[in-house]
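Sequences listed follow chains A and B, in order. Residue 1 is where the first sequence starts when you use the UniProt record's numbering, and the numbers rise one by one after that. Residue 1 is where the second sequence starts when you use the UniProt record's numbering, and the numbers rise one by one after that.
These are calculated hints, taken from the structure and not from any lab test. Among the hints, a few may not be true.
Since the list gives no way to pick out one identical chain from another, each pair is judged satisfied if it fits inside one copy or across any two copies.
[Said to hold, decoys possible] Once the Cα atoms are required to be at most 20 Å apart in a straight line, the calculated DMTMM-like pairs of lysine to aspartate or glutamate come out as: (1) Lys28 - Glu102; (2) Lys122 - Asp24; (3) Lys28 - Glu75; (4) Lys72 - Asp118; (5) Lys28 - Glu90; (6) Lys59 - Glu39; (7) Lys59 - Asp81; (8) Lys72 - Glu102; (9) Lys122 - Asp81; (10) Lys59 - Glu75; (11) Lys122 - Glu4; (12) Lys59 - Glu46; (13) Lys28 - Asp118; (14) Lys15 - Glu46; (15) Lys15 - Asp83.
Protein chains: 2
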Amino acid sequence: MSIETILQGVKFDEKGLVCAIAQDWQSKRVLMVAWMNAEALQKTAETGFAHYYSRSRQKQWLKGEESGHTQKVHELRLDCDGDAVVMLIEQNGGIACHTGRESCFYKIWQNGAWHTADPVLKNEADIYGGKHP
Amino acid sequence: MSIETILQGVKFDEKGLVCAIAQDWQSKRVLMVAWMNAEALQKTAETGFAHYYSRSRQKQWLKGEESGHTQKVHELRLDCDGDAVVMLIEQNGGIACHTGRESCFYKIWQNGAWHTADPVLKNEADIYGGKHP
Chain A
1 MSIETILQGV KFDEKGLVCA IAQDWQSKRV LMVAWMNAEA LQKTAETGFA HYYSRSRQKQ
61 WLKGEESGHT QKVHELRLDC DGDAVVMLIE QNGGIACHTG RESCFYKIWQ NGAWHTADPV
121 LKNEADIYGG KHP
Chain B
1 MSIETILQGV KFDEKGLVCA IAQDWQSKRV LMVAWMNAEA LQKTAETGFA HYYSRSRQKQ
61 WLKGEESGHT QKVHELRLDC DGDAVVMLIE QNGGIACHTG RESCFYKIWQ NGAWHTADPV
121 LKNEADIYGG KHP
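Looking at chain A on its own, in the form it has when it is part of the complex (with noise of 0.2 Å):
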């Protein structure tokens, strides 16, 4: 696979990134939104797994590579102004968050005020027996 072409159309912003979101193949439910560097959006393609620039790390990193909780891409999208991609991914493990929950996005708007919404599936010290994730 072309680790150039992808770079057609995709406009990376003034730090070098796009935004990526990641939603579930077969629920679509979103899971998370991250940033991609071009080396991230390349890996992702080459690879079949997403791969996702760390703006607090400052590197490139395959999403699951210490908690195991890979993301194999079905399907990847650009948008019109070409500075957004989405994944159809399979979620190895279930959860996608760092917090050992499915999905990232689990506070939901509610009578005028945040809920956390969805249950810890694993906790964070047993995903990452106390290394960030």
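Based on the hints, put chain B in the right spot on chain A.
Frame of chain A; chain B shown alone:
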């Protein structure tokens, strides 16, 4: 509805923005990704219709104010680190993209190239009558 409370736990970036994803409330298709400032997020919660912040025009806007393609919000969620929201929305007219397509994510990565996958449902000129979205 309290419009102050909604800002609690939301972490706006250095430009005062959070990433906002609009997903069809029934098919769960991701229709678009844009940005919200505090005012847009508050207006969204207050009115029940998606408001965004345009980085190019540097102003808050009601999605659909010119096109009529408003987005009625059925559910609003915030992610673990508070810098992104996902909305389940009802897309008026069935068109979210300024190109006249259902979704902004109409380019699909297949066989080493980006392909346009979705039809134009309405011409841009007919949507905006020559005006900018």
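Taking the hints in turn, this is what the structure says about them:
1. In this assembly of identical chains, Lys28 and Glu102 lie within 20 Å of each other by CA distance both inside one copy and across copies; the values are 12 Å within and 16 Å between.
2. Taking the shortest alpha-carbon separations for Lys122 and Asp24, only the intra-copy value of 19 Å comes in at or below 20 Å, while the best inter-copy value is 29 Å.
3. In this assembly of identical chains, Lys28 and Glu75 lie within 20 Å of each other by CA distance both inside one copy and across copies; the values are 12 Å within and 15 Å between.
4. Taking identical chains as interchangeable, the C-alpha atoms of Lys72 and Asp118 are never at most 20 Å apart, the minima being 23 Å within one chain and 24 Å between chains.
5. For a Cα distance limit of 20 Å, the shortest separation of Lys28 from Glu90 qualifies both inside one copy, at 10 Å, and across copies, at 16 Å.
6. When the C-alpha separation of Lys59 and Glu39 is checked against a cutoff of 20 Å, the pair qualifies only within one copy, where the shortest distance is 10 Å, while the shortest distance between copies is 33 Å.
7. Taking identical chains as interchangeable, the C-alpha atoms of Lys59 and Asp81 lie at most 20 Å apart only when they sit on different chains, with a minimum of 19 Å there against 25 Å within one chain.
8. In this homomeric assembly, Lys72 and Glu102 come within 20 Å of each other (Cα to Cα) only inside a single copy, at 15 Å, whereas the closest approach across copies is 26 Å.
9. In the homo-oligomer, the alpha carbons of Lys122 and Asp81 lie at most 20 Å apart only across protomers (18 Å), although the nearest pairing inside one protomer, at 38 Å, exceeds that limit.
10. In the homo-oligomer, the alpha carbons of Lys59 and Glu75 never lie at most 20 Å apart, since the shortest distance is 24 Å inside one protomer and 33 Å across protomers.
11. For the homomeric pair Lys122 and Glu4, neither the shortest alpha-carbon distance inside one copy (38 Å) nor that between copies (33 Å) is at most 20 Å.
12. Taking the closest pair of Cα atoms, Lys59 and Glu46 come within 20 Å of each other only inside a single copy of the chain (18 Å); across copies the shortest separation is 39 Å, beyond that limit.
13. For a Cα distance limit of 20 Å, the shortest separation of Lys28 from Asp118 qualifies both inside one copy, at 16 Å, and across copies, at 18 Å.
14. Taking identical chains as interchangeable, the C-alpha atoms of Lys15 and Glu46 are never at most 20 Å apart, the minima being 23 Å within one chain and 33 Å between chains.
15. For the homomeric pair Lys15 and Asp83, the shortest alpha-carbon distances inside one copy (12 Å) and between copies (17 Å) are both at most 20 Å.
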